[in-house]
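**Student:** As a plain string of letters, each chain reads:
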Amino acid sequence: MKKIAKFALGLGVLLAGAAAVVWALNVQDEVDVRAPMARAAASDSLIARGAYLALAGNCMTCHTAVGGQSYAGGRPIDTPFGTVFTSNLTPDDKTGMGTWSPAHFWRALHNGRSKSGRLLYPAFPYTSYTQVTREDSDALFAYLGSLPAVAQPNRPHALRFPYQSQAALAVWRALYFSPGVYQPDASRNAEWNRGAYLVKGLGHCAACHTPRNALGASNENLNLAGGLIPMQNWYAPSLTSPHEAGVGDWRRADIVSLLQTGVSPQASVIGPMAEVVQRSTQHLSPEDLGAMARFLKELPQTQARSAPANAPVAAPPPVQDAGSAVLTGGAKLYDQHCAQCHGDQGQGVTNAYPAMAGNRAVTMPQTANLVQIVLNGGYAPATPGNPRPFGMPPFVLVLSDSDVAAVLTHLRSAWGNQAGEVTALEVNRIRSRRAP
Amino acid sequence: MTKTPFDFLARGFAAILLLAGGLYGPAHAAASFEDSIAQRTLACTACHGPQGRAAPDGYYPRLAGKPAGYLYNQLLNFRDGRRHYGLMTQLLEPLGGPVGDAYLMEIAQYFSRLDLPYPAPLPTTASPALLRQGRRLVMQGDAARQIPACVQCHGQAMTGVAPHIPGLLGLPRDYLNAQLGAWKAGQRRAHAPDCMKAVVARLSPEDINAVASWVAAQPLPANTKPLTALPALAPGAVAIDCGSAPPATAQTAPMKASK
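Chains A and B, in that order, are what the protein sequence lines are.
In terms of the working numbering, the first sequence is residues 54 to 489.
In terms of the working numbering, the second sequence is residues 149 to 407.
Excised from the complex, chain A in its bound form (with noise of 0.2 Å):
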């Protein structure tokens, strides 16, 4: 009996210990927000400060619904673990943020809890955000201030169990969030490290770019070294793969250009780097971009061709196995539905169609990319630098699994091209929206 009551008691403490930990690392670096904080009025240039660096989070996209008032919330986004519902950014005194103070604002921000101290869903990247700088933070909390107050509830969260729970978040947050500003790196200069902060923090590209493990967190070791996007089908190319989108070998203007304008000479951007341009990246000043080039340029490049640890990849290239059938099957179907725009020799049309043969985006690893534009066709976004994209038709109605299968292994071995086949399985899974 003595010896069950001291082992329960062992327990206990343990758990208690756990939990203070737990506890403990979630309120780390916070600030105090019952300290009074006089709002002062909003001066125009910080407004339009915050305007731009809203625009640099993409924050509005993910903060309106389709339809729906800007800022004011309600956009359902599908994470593995069930649908979380974006909150109203908008300074309405009941459903938005009218009564919040800058120091609550930057507590969401900076620490990824809300007004009421409750702990907020990683789908909003306050991972990322943690990096922003508090005098940013409060240009963004102004600009937000000034915008129409809009009276729209949020809607809670459809989570599954135990996701829902604030103690299963706050165990995640203990494992894999640690609240810390961007520290500047003394042996880089200004550009670079305006470049790494904006990457980083409000640009929030790890969110897509960085592997997730099955809880969905980020895995910092791989740092932008290319993930599949939750739920979407998309992958995110690495960022520091020479197979994959690392832009080493890029002059800097082109990775200006792509961010600029969705086009440059080596690549375009379409799927959700295309939204990314369109509301966020287009808008941002020459300097900034140039900043971000050159910390992307300058990322570690991986030299091996590997594939991310939590990705699945397409087989590997059979394509001898794949049947000769198949691939004398797909060439035909390039010739009658492709080659048209993408040339008899994949060669492509300068500023129009690209290039199929020795391009990394038809030779990656990862597949789902490929079978998503093919089924579902897609444009480059609509910028100032490239007011009429070229589109891609959609070919859902037109080509069965076997068909984009076979085009696709096609492509993918023909002119020089030496990657692994495409099955009709993976095309019937995104044709029918399956996670991996």
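No lab work stands behind these hints, which were simulated from the structure alone.
Just so we're clear, the structure is a prediction, and the values are computed from it rather than from any experiment.
Just so it is clear, CB atoms sit at the ideal spot from N, CA and C, and this is done for glycine as well.
Each hint should be verified, as a subset may be incorrect.
What the simulated footprint calls covered on chain B by chain A, stretch by stretch (three residues with Cβ under 8 Å from a Cβ of chain A suffice, anywhere in the stretch; the number is not a length) [as the list claims (entries may be wrong)]: (1) 242-253; (2) 291-304.
Each pair of labels, with its calculated beta carbon distance range [what the hints assert, rightly or not]: (3) B/GLY197 x A/PRO129: 31 to 37 Å; (4) A/PRO201 x B/PRO383: 43 to 49 Å; (5) B/GLU182 x A/PRO209: 41 to 47 Å; (6) B/PHE181 x A/GLY135: 46 to 52 Å; (7) A/ILE130 x B/PRO276: 50 to 56 Å; (8) B/ALA340 x A/SER218: 38 to 44 Å; (9) B/ALA340 x A/PRO209: 43 to 49 Å; (10) A/ASP146 x B/PRO383: 49 to 55 Å; (11) A/ARG441 x B/ALA340: 26 to 32 Å; (12) B/ASP290 x A/SER218: 41 to 47 Å; (13) A/PRO201 x B/PRO276: 52 to 58 Å; (14) B/ALA340 x A/ALA408: 43 to 49 Å; (15) A/THR381 x B/PHE181: 25 to 31 Å; (16) A/ASP146 x B/LEU190: 35 to 41 Å.
Reference excerpt, derived from the structure (chain A facing chain B, CB under 7 Å, subset only) [said to hold, decoys possible]: (17) CYS115; (18) VAL119; (19) GLY120; (20) ASN429; (21) ALA435; (22) THR436; (23) GLY438; (24) ARG441; (25) PHE443; (26) PRO446; (27) PRO447.
With the hints as your guide, set chain B onto chain A.
**Tutor:** Then chain B, alone, in the frame of chain A:
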């Protein structure tokens, strides 16, 4: 770009090669790239075809010759969540902002200028009684139920009114049924005030089927072009306020063609 005699020579040569290929060899698609708005809208015509096209998941309506303002509004509706079709929304999402708006207008104007023949209507299987009911609603409306005649806005010949009101002919019954049904269910919306929503709300499912059946069976008139001004109101008819066709522009000449 100015054309040199060499261009014509090269083209002629290419045409001969193409012909030879067609006659003697396996058909190889020649790279026939021309930077044009038609080229830039291949993503549209792939599904819609030149005259509209039936597909496994529904009907892709014709774009050619529809009023530019109407087409433009539909592009905005899909992009901004007033109409729902995943493929359209996904295609249009990157074409946002003022630059995207201008491009969508150019696309709309391009399709509005296309002049292609309409297919003949499919033979109808609807009962004469249903067709009579449809004809009455389309041509006269139902004053007792405050249902205006379709032709009050869409024109006596139902060829639409430039730039904002679409023609109704050359569309299959199922498509018309689906669109009216979507309006009734709130799945299809237009700019506020949404006059079609108000009209369709007063139609019963049977009315909708009657209207769709009769309209789909009508042959095309000799002149299929949209009118340039709203027809005069019939005696007793009440003008309708439509957000998608503001009166200031609805009665002006068709939009200036860009080029």
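**Student:** Going back to the hint list, which numbers does this structure go against?
**Tutor:** 2, 5, 9, 12, 16, 17, 23
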